[in-house]
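Asker: So the protein sequences, as listed, match chains A and B. If you read the first sequence in my numbering, its first letter stands for residue -17, the second for the next number, and so on. If you read the second sequence in my numbering, its first letter stands for residue 557, the second for the next number, and so on.
Please note: incorrect hints may appear among the correct ones.
Stated by the list, open to error - Some but not every residue of chain B turned toward chain A, in silico, with C-beta under 8 Å: (1) VAL639; (2) VAL704; (3) TRP737; (4) THR742; (5) GLY744; (6) LEU787; (7) ALA846.
To be verified - Stretch-level coverage of chain A by chain B, calculated; a stretch enters the list once three of its residues show a Cβ under 8 Å from a Cβ in chain B: (8) 0 to 12; (9) 40 to 54; (10) 64 to 72; (11) 96 to 109; (12) 113 to 121; (13) 146 to 156; (14) 207 to 213.
Unchecked claim - Using 20 Å as the maximum straight-line C-alpha spacing, the simulated EDC-like pairs for lysine to aspartate or glutamate come out as follows: (15) A/LYS265 to A/ASP63; (16) A/LYS240 to A/GLU32; (17) A/LYS265 to A/ASP49; (18) A/LYS265 to B/GLU713; (19) A/LYS240 to B/ASP707; (20) A/LYS186 to A/ASP176; (21) B/LYS670 to B/GLU682; (22) B/LYS801 to B/ASP707; (23) A/LYS265 to B/ASP707.
By construction, these hints were calculated from the structure, which means they are not laboratory data. The structure displayed is predicted, hence computed values, not measured ones. Ideal placement from N, C-alpha and C gives every residue a C-beta, glycine not left out.
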Amino acid sequence: MSSLTSALPPAEGLGPRIARWGLYLILLLFAAYYLLPLLLMVATSFKSPEEIRTGSLLSLPRDLSLDAWSYAWNRACIGADCRGMAPYFLNSVIIVVPAVVISTLMGALNGYALTKWRFRGANIVFAMILFGSFLPSQVILLPMAQTLGVLGLAGTAGGLILVHAVYGLAFTTLFFRNYYVSIPDDLVKAATIDGAGFFQIFTKIMLPLSLPILVVTIIWQFTQIWNDFLFGASFAAGGAQPVTVALNNLVNTTTGVKQYNVDMAAAMIAGLPTLVVYMLAGKYFIRGLTAGSVKG
Amino acid sequence: MASLDDRPIPGSGPLLPPGPIPGRNPGEDRTMTLENPPYRPAAGEAPDRDAAPPATTGLRALAQRHLSKLVVAPSFAAILLFVYGFILWTAYISFTNSRMLPSYELVGTDAFTKLWRIERWYVAIENLLIFGGLFIGISLVVGIVLAVLLDQRIRGEGVLRTIYLYPMALSFIVTGTAWKWILNPTIGIQEFVRGLGFPTFTFDWIVQQDTAVYTLVIAAVWQSSGFVMALFLAALRGVDQEIIKAAYLDGASLPRIYWGIVLPSVRPVFMSAFVILAHLAVKSYDLVVALTGGGPGYASDLPATFMYEMTFRRNQIAIGSASALMMLATVVAIIVPYLYSELKGGKRV
């Protein structure tokens, strides 16, 4: 995506210059609008309760106090459990890693099979898998709760891994399928003539070519699963809850004095992993977002 | 964000069982995949083979041929059970009188009749219309404006794009914590403006019954408009620059060029953006929980929170299931015409 694609000549003269400045001003105002909630969150998390009470909403913290962060991390009470966000953060990691690995691997294999070894009905199979990406989760909540109960996975991290792996398949299959469609079939053909088999071609030819889409898929799945709230709130009990559910419980605790700095620090803790990934690899995140919605 | 690239035509062939089918050569399905492979076979190769490896004989070849189906089978079986099976399960429950626990005794359409007599359901539906309409409309306008402005050879475009889009990377439970605070009249914007010397300034939408739903719009637009921007910017970059240049040399003004030439040429993106935003609106749940909790009272309930409340808190499982089916029906009503129009035109979005 080049940043210099406009065919129009550069602005010259006084009028266009002013228009140019106006343009930048508008864009910067929008940037401020998007950044403000995040900046407020960060600033407030570093303030003392005293400073929040007396100071202004927009003021910067006078001295950077990490008290709220450390309190939110390992002392804040989530329900009756006063171990802070740390154990729930760990829960999210335990849930996210296997769910991302499983759904990405399955998606890659599906995409490979559905494009390079097409069988009769492959398109119908793909269409049926794809529908899952539009599914309103409410329609599967109750059966899933019952099924997890029967499987003995109710309220556990294992149950959430299963749920996320299954409902991630629609997106991962979609990503890989659309990527592999653009890889020449001749590559596969040549390899089969040389005697390579299904899995050999996958591991030796397709996977090495898949790095960009692997990154897109992993980032997408990581973000989706880390940010999930509905499944976590529905299927995880007490100690197995993911970080988003813990954050919501912490923020909505009605007992005691409201500690806004702790709330904000806890929100930052829950949001930092996806935010950092976005900062480091935003390009790939955007590709996931727009994958397929826009051609190319 | 489902892709519609290379979309297969639903219903154009019999649904196959996921297992291997003896005697089928994967190369034989050419008629099924007309729209698919962008690559033509090289000269000299069998013209009726697209993706299929050359047919060889023997046991090994047989295994190789069916491996493809075997590999897809587990995923497909999981989807059949966890998506389609569960939809049927929920549908079945909605025709029972299940309350605290699912019962499997059919009683007809009682739950639906009851659902449409609950005032709270009407509040949720009305809120969805208000929220959905404003959320989609404003997100589209903001997103398109940002995309067009960013398309003007902006210095630092990459940084601005990153800033506009970062909310999409965060959970609504996270950003909702900030928004709840900003919108809280006693500590947020209202208090801030009053402190500036406007003691009568009032901005307390979040605690008022008839305005709470608009705070959902504020936060949701903030979260998703960057996504619309990204969609349109990508599309704008695909517009033929020569046409724009020609129009410019003919003396057309910049707004006219965009309004008359550029935006109409990216029309399919409007459709994609609309469908994605609309189905996000129907599914909105985290947003409500984080921001208003459906309150005050149930004034800012949406169908998703209504369903959760009925199913898991009020022991009205049948009614909850009925409402979930209504949500599914709405999503299907949005995406099916979209898929249909996409397929009819045969164009790729």
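Asker: Give a verdict on every hint.
Answerer: Hints versus structure:
1. VAL639: With Cβ-Cβ at 5 Å, under 8 Å, it holds.
2. VAL704: Since the shortest Cβ distance to chain A is 10 Å, the answer is violated.
3. TRP737: holds, 6 Å
4. THR742: violated, 11 Å
5. GLY744: Holds. Min distance 7 Å.
6. LEU787: holds, 6 Å
7. ALA846: At about 7 Å, which falls below the 8 Å cut-off, the nearest Cβ of chain A leaves the hint on B/ALA846 intact, so it holds.
8. 0 to 12: holds (count 5)
9. 40 to 54: violated (count 1)
10. 64 to 72: With 0 residues close enough to chain B, the hint is violated.
11. 96 to 109: holds (count 14)
12. 113 to 121: Coverage by chain B holds for the region 113 to 121 of chain A (9 residues, Cβ < 8 Å).
13. 146 to 156: Coverage by chain B holds for the region 146 to 156 of chain A (7 residues, Cβ < 8 Å).
14. 207 to 213: With 5 residues in contact (Cβ-Cβ under 8 Å with chain B), the coverage given for the region 207 to 213 of chain A holds.
15. A/LYS265 to A/ASP63: violated, 39 Å
16. A/LYS240 to A/GLU32: Status holds; Cα separation ~12 Å.
17. A/LYS265 to A/ASP49: violated, 34 Å
18. A/LYS265 to B/GLU713: holds, 13 Å
19. A/LYS240 to B/ASP707: violated, 45 Å
20. A/LYS186 to A/ASP176: Within the cut-off at roughly 13 Å; holds.
21. B/LYS670 to B/GLU682: Given pair B/LYS670, B/GLU682 holds - Cα atoms ~18 Å apart, limit 20 Å.
22. B/LYS801 to B/ASP707: holds, 14 Å
23. A/LYS265 to B/ASP707: Distance ~17 Å between A/LYS265 and B/ASP707 Cα, so the pair holds.
The structure shown violates the earlier hints numbered 2, 4, 9, 10, 15, 17 and 19.
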